[in-house]
Amino acid sequence: MSTIGSEITKAGTAGTAPVRSSMWRQAARRLLKNRLAMLGLAVVVFMFAFCFIGPLFSPYTDNKIHLAQMNKPPSPQHWLGTDALGRDVLTRVMQAGRISLTVGLASMVLSVFIGSLLGAIAGYFRGICDQIIMRLADLLLTIPGLPLLFILGALLSDWKVPTEYRMYIVMLMLSLVNWPGLARMVRGEVLSLREREFMQAATVLGLRNRRKLFNHLLPNLVPLIIVIASLNVGGAILSESVLSFFGLGVMPPTPTWGNMIDSANNMIDFQKRPWLWIPPGFSIFATVIAINIFGDGLRDVLDPRPRK
Amino acid sequence: MSAFITKRLLYTVVILFAASLLIFSLYALTPGDFITGNIKLTPERKAELREIYGLNKPVLERYAIWLKNALHGDLGYSMAQQKPVLTLFNQYIWNSFLLAAVSTFLTWVTAVIIGCVAAYKQYSWFDTLVMVAIFAAMSLPSFFIGLFLIKILAVDWKLLPPGGMIATGSQATGLAYVKEVIHHMTLPVIVMTIMGVGSLARYIRGSMIDVIKQDYIRTARAKGLKERKVLFTHALRNAMLPAITLVGFELPALFGGSLIIEKIFNWPGIGQLYLTSFGLRDYPLLMGFTVLIAILTVIGTLLSDILYRVADPRVRLQ
Numbered sequence: 037m038s039t040i041g042s043e044i045t046k047a048g049t050a051g052t053a054p055v056r057s058s059m060w061r062q063a064a065r066r067l068l069k070n071r072l073a074m075l076g077l078a079v080v081v082f083m084f085a086f087c088f089i090g091p092l093f094s095p096y097t098d099n100k101i102h103l104a105q106m107n108k109p110p111s112p113q114h115w116l117g118t119d120a121l122g123r124d125v126l127t128r129v130m131q132a133g134r135i136s137l138t139v140g141l142a143s144m145v146l147s148v149f150i151g152s153l154l155g156a157i158a159g160y161f162r163g164i165c166d167q168i169i170m171r172l173a174d175l176l177l178t179i180p181g182l183p184l185l186f187i188l189g190a191l192l193s194d195w196k197v198p199t200e201y202r203m204y205i206v207m208l209m210l211s212l213v214n215w216p217g218l219a220r221m222v223r224g225e226v227l228s229l230r231e232r233e234f235m236q237a238a239t240v241l242g243l244r245n246r247r248k249l250f251n252h253l254l255p256n257l258v259p260l261i262i263v264i265a266s267l268n269v270g271g272a273i274l275s276e277s278v279l280s281f282f283g284l285g286v287m288p289p290t291p292t293w294g295n296m297i298d299s300a301n302n303m304i305d306f307q308k309r310p311w312l313w314i315p316p317g318f319s320i321f322a323t324v325i326a327i328n329i330f331g332d333g334l335r336d337v338l339d340p341r342p343r344k
Numbered sequence: 115m116s117a118f119i120t121k122r123l124l125y126t127v128v129i130l131f132a133a134s135l136l137i138f139s140l141y142a143l144t145p146g147d148f149i150t151g152n153i154k155l156t157p158e159r160k161a162e163l164r165e166i167y168g169l170n171k172p173v174l175e176r177y178a179i180w181l182k183n184a185l186h187g188d189l190g191y192s193m194a195q196q197k198p199v200l201t202l203f204n205q206y207i208w209n210s211f212l213l214a215a216v217s218t219f220l221t222w223v224t225a226v227i228i229g230c231v232a233a234y235k236q237y238s239w240f241d242t243l244v245m246v247a248i249f250a251a252m253s254l255p256s257f258f259i260g261l262f263l264i265k266i267l268a269v270d271w272k273l274l275p276p277g278g279m280i281a282t283g284s285q286a287t288g289l290a291y292v293k294e295v296i297h298h299m300t301l302p303v304i305v306m307t308i309m310g311v312g313s314l315a316r317y318i319r320g321s322m323i324d325v326i327k328q329d330y331i332r333t334a335r336a337k338g339l340k341e342r343k344v345l346f347t348h349a350l351r352n353a354m355l356p357a358i359t360l361v362g363f364e365l366p367a368l369f370g371g372s373l374i375i376e377k378i379f380n381w382p383g384i385g386q387l388y389l390t391s392f393g394l395r396d397y398p399l400l401m402g403f404t405v406l407i408a409i410l411t412v413i414g415t416l417l418s419d420i421l422y423r424v425a426d427p428r429v430r431l432q
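Quick note, the sequences are listed as chains H and L, same order. Under the numbering used here, the first residue of the first sequence is numbered 37, with each subsequent residue one higher. Under the numbering used here, the first residue of the second sequence is numbered 115, with each subsequent residue one higher.
Isolated chain L, as found in the complex (with noise of 0.2 Å):
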């Protein structure tokens, strides 16, 4: 076990080193930097600036320079803001939290719940319309259903807020303020949700019609257990092993933020300051978000392996 994660730990930190050379090459191809968008600036003291920024040297010398720093600790200045990227990350990344935790929790939730049932009731009439929503949710384009949303139940019928954390101009503390970040996170919320408990019922639905036809299942009921306790206590536990499998890859949702989804809803996290630093081609902080996000990727991939060999004894045989 120590054996296969350190060797996938060494794996990873290399495909880490290649990526970041990549996204960084890719960056820098990228046209424009932020001096040149800015048109206040003559040409000299753009000169100048570049100088100052090191944007004048070659891309892999910045690259060398970039990873001294990032292994240190440090991911730059963002030049927009004139400010720590990592600042500006803690400043932004705990809102995008705040939406990603709370939606990953109700997707779980809602996805168990509605797996378990459908597949209980396998070709019901109940399951059939779960598979079709199923699909719904899975092919909705998210930018649109969050228009959609938007346009319905915040501009139509203003029962929600239409974007934002907190109104414009508000100056509410204490528990005024969070009833009102609760009222504006309600949308976007909903939409994440939305999105995200199709793919996983559809798993849950699956792997639970796998373990009901067990003969364990059988034996459970055989001994008298009321049905509930079946299901719930012999049937789930074990139609959720190979869904913690994809706790890990929730990870780089949970930090990354939405792009999406924070630029539809305003909502001030690290998609929409992404989005906001690309248009300013603010290659620090553009640079900084990329290998973060990709950082989580391959740490989530890696705990996924990992809970899965724990949780599953027969793989670690193997």
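Next comes chain H alone, as it looks inside the complex (with noise of 0.2 Å):
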């Protein structure tokens, strides 16, 4: 934002860097009363901090397998019990929180990213643009989500992608998946802008699209896109969750909070040893609803236009 606003002040149109720093300051200030999405904040950060500095203080983090450990109920030595392959669950759940988090974040930047840039070049420059990139949106809002992406599982696991690498295309996916109803939403709050006073004062100035459309227009979509892009995570989690339960996500030995529950599909294992599926599914529970109430809590103080 820094960067965005000494421009804006060099350009010559002092006096709109401090009123909108002002605008960030009073945001804080009113989340910060949210005590719901403070509680919210609080426990997402708690659990960055379980799963990514947690395992340094795990003496199992080596994955090594003990065939005399193979599981065993929690215990004092493992406090949620071990798999079959005699490995501390409370570990790999830290670990697995590691790349669900990541690839959450990870695909929710890259929708993100593609969904608001190809949402503001459609609204702005409207005719052609707009028509392409629309439609293609719209194809893609047609086809139904969950199939989409078994079929992309699928060619995955054809294509003998390295399981280590699987996480990186699992987030592709989601973002494909993802952006044109993102792209929807810039699209709307583009048109609307573009139509503003201080849009047509840039016209005026005879400034080109570039920076109208970098220095004039996005800062003015950051507060929508963070409200967009917090709420974005948790649902992106939960996709991972999903399709690595269905065996077309990520896979083992990489383990994520998804393949984790999928041992629920064993029968002995979902009957006599929930210790082995219940963490996980509660952390991906834990971690979406705190990310849920703080993004509420972000679109409350940030978003302009009147809630639905």
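One should not assume that every hint holds.
What the hints assert, rightly or not - Subject to a maximum C-alpha distance of 27 Å in a straight line, what follows is the list of computed BS3-like cross-link-like pairs (lysine-lysine):
1) L/Lys235 - H/Lys196
2) H/Lys108 - L/Lys160
3) L/Lys171 - H/Lys196
4) L/Lys327 - H/Lys69
5) H/Lys69 - L/Lys235
6) L/Lys272 - H/Lys308
7) H/Lys108 - L/Lys272
Unchecked claim - Label-pair distances were calculated between CB atoms; the ranges are:
8) H/Arg244 - L/His186: 17 to 23 Å
9) H/Ile164 - L/Leu143: 25 to 31 Å
10) H/Arg66 - L/Arg342: 33 to 39 Å
11) L/Leu143 - H/Trp115: 15 to 21 Å
12) L/Asn183 - H/Trp60: 58 to 64 Å
13) L/Asp329 - H/Ser228: 22 to 28 Å
14) L/Val246 - H/Val240: 33 to 39 Å
15) L/Lys293 - H/Phe88: 48 to 54 Å
16) L/Asn183 - H/Leu153: 37 to 43 Å
17) H/Asn251 - L/Ala247: 39 to 45 Å
18) H/Met106 - L/Arg159: 18 to 24 Å
19) L/Thr300 - H/Ile164: 28 to 34 Å
Stated by the list, open to error - So, partial list: chain H residues that the calculated Cβ filter (under 7 Å) puts toward chain L:
20) Ile297
21) Asp305
22) Ile325
23) Ile329
Treat the hints as calculated values from the structure; they're not laboratory data. Cβ coordinates follow ideal geometry from the N, Cα and C atoms, glycine included.
With the hints as a guide, dock the two chains, each given alone in a separate frame, to form the complex.
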């Protein structure tokens, strides 16, 4: 933000920068007062710390197979028990969280980037750009999401993508399915912004399209994009878990919360060893609900549009 | 209005053609076919079968054949089950519809009640509780909550059957059969209702809050009407207007089944059929299912747009 702000100041439209910073400060103040949203943020921070710092304190990070320690229920040594290969479930949940959170965040960044860029271009230039981009979005929105993800997942398996790389392709798949909805929202916002006085002023000043788009239009889209992005992470984490649960997402030995729940597909594990699949399920739940509550708090303070 | 509908219909048809071509090419790209998977066949027999099913032709030609038949109301023949795809759909779709119809009904009733009360008591402890519960429902991974409830209610407490539509080997008929099906569908319906109620209740709460602040509500109160009448006759009717557009979006879910729920609860619906066929690469069926959902989606969207215009005269004028 600061770079954009300073460029605008240089461009001679000084005065907008302090107003904007006070808008952000105001939003932050209101957000801090929203106790529910702060609780959500605290849980999100905790989950990140739990997954990324937690394993440093675990003596079981090597993922070595201990045949003597197979399928043990929770005990003082293994707080959440061990799995079929004698690995510590608590440590696996943390390591899985690293992957699940990374996939969720990265695919959000990617789909928000593609979605807002295409949406902004479509809304700003209108005409043929708009036609092409929005028709493509309509087309992708017509195809049911889950079957589309299944097909892509099956293609991945056939191309023998090594398991370490699957995670990146899963991110790409999720973004491919997610961007059309985002593009639509951003386009709608741009359509209303471009008719506003400050955009007309920019036109009258004879600014080039590039400058109008990146220096004047995009900064005004930032609040909306932040809100969309925060609410999108939860959805991406859920989609990844569904895909991995069906064996079409990230595959073992790389653990994710979704593919850990896959052990529930085994009758004995499902009925007799709930410690294998209940902890990752609750991790997904806790993370996604915290992200959604925080995202909703953000929407309250940032989204200028009336709430639906 | 009719010009609007005609234009939208034309666009919808074009999008559907493009979507079906895209889906067809994607399935054609998907590795393996039904014949590759069968290890009992000799290579010669496999080539012969591919010839019979037309699998050796180029993708575009196959698509043209498929499209021609589809336009004549023939979605092809399931290779795995040796039955016409439409017959199979007819056989499974009603099981899906049963689950979806009951849970959609329950979802709307619960969401309207919760949304109204939460809006009426905005910022009360009940409202906060409802908001947290709504977020919880929106954040649940459906497959996990399904498994969790099966584990608790069916495996541990043995209150409800863990899955299926009737008990294994059951010969029940008549009323006993109905009772058995109801018993089996309770758990999946609960999960589907929980999954759906969150966002809908939130929507209704939001729109109810907007309506309650309107002048005509104050007028109704000033006339001395009972609070219940104000809330449910004057406010709710207007608050439901925007929600009506959501009815159209329920269409694909009503007839398209739910892949995840049907898989978890082993429900013999169309979603389950799709998943089984996906493993077998039974293309005619996969193609038929995906296109069916696509058609339901566009019809649903169209229906929403039309309902929105019918319900709200302000939009019609623009």
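Each hint tested on the structure:
1. Distance restraint check for L/Lys235 and H/Lys196: the Cα-Cα separation of roughly 56 Å exceeds the 27 Å cut-off, and the hinted pair is therefore not satisfied.
2. Between H/Lys108 and L/Lys160, the direct Cα distance comes to roughly 48 Å. Violation of the 27 Å bound is thereby established for this hinted pair.
3. Of the supplied pair hints, the one linking L/Lys171 and H/Lys196 holds, its CA atoms being roughly 26 Å apart against a limit of 27 Å.
4. Restraint check for L/Lys327 and H/Lys69: the C-alpha separation of about 25 Å stays at or below 27 Å, so the hint holds.
5. Between H/Lys69 and L/Lys235, the direct Cα distance comes to roughly 21 Å. Compliance with the 27 Å bound is thereby established for this hinted pair.
6. Restraint check: the Cα-Cα separation between L/Lys272 and H/Lys308 comes to about 15 Å, which is no more than 27 Å; the hinted pair holds.
7. A hinted pair counts as satisfied when its Cα atoms are at most 27 Å apart, and H/Lys108 with L/Lys272 qualifies at roughly 25 Å.
8. In this structure the hint that H/Arg244 and L/His186 lie 17 to 23 Å apart at CB is violated, the actual value being about 55 Å.
9. H/Ile164 and L/Leu143 have their C-beta atoms about 29 Å apart, which keeps the hinted 25 to 31 Å range intact.
10. Separation of H/Arg66 from L/Arg342 is about 35 Å and conforms to the stated range, judged on CB atoms against 33 to 39 Å.
11. In this structure, L/Leu143 and H/Trp115 break the distance hint of 15 to 21 Å, their C-beta atoms being roughly 45 Å apart.
12. Remark: the range hint 58 to 64 Å for L/Asn183 to H/Trp60 is upheld by a beta-carbon distance near 59 Å.
13. For the pair L/Asp329 and H/Ser228, the beta carbons lie near 27 Å from each other, so the given range of 22 to 28 Å is met.
14. Checked against the hint of 33 to 39 Å, the pair L/Val246 and H/Val240 fails, with Cβ atoms roughly 49 Å apart.
15. Judged by the Cβ atoms, the range 48 to 54 Å given for L/Lys293 and H/Phe88 holds: they are separated by roughly 52 Å.
16. For L/Asn183 and H/Leu153, the hinted distance range of 37 to 43 Å is satisfied, since their beta carbons lie about 41 Å from each other.
17. Checked against the given bound of 39 to 45 Å, the beta carbons of H/Asn251 and L/Ala247, roughly 44 Å apart, stay inside it.
18. One distance hint, 18 to 24 Å for the beta-carbon pair H/Met106 and L/Arg159, is violated here, with the actual separation near 45 Å.
19. A beta carbon spacing of about 54 Å between L/Thr300 and H/Ile164 contradicts the range 28 to 34 Å that was offered as a hint.
20. Hint on H/Ile297 holds. Least Cβ distance to chain L is approximately 6 Å, under the 7 Å limit.
21. Because the smallest distance between the Cβ of H/Asp305 and any Cβ of chain L comes to about 11 Å, over 7 Å, the interface hint for this residue is violated.
22. A cut of 7 Å between beta carbons decides the hint on H/Ile325: the least distance to chain L is about 4 Å, and the hint holds.
23. At about 5 Å, the closest approach between the beta carbon of H/Ile329 and any beta carbon in chain L falls short of 7 Å, and the interface hint on this residue holds.
Violated hints, in rising order: 1, 2, 8, 11, 14, 18, 19 and 21; the structure is consistent with all others.
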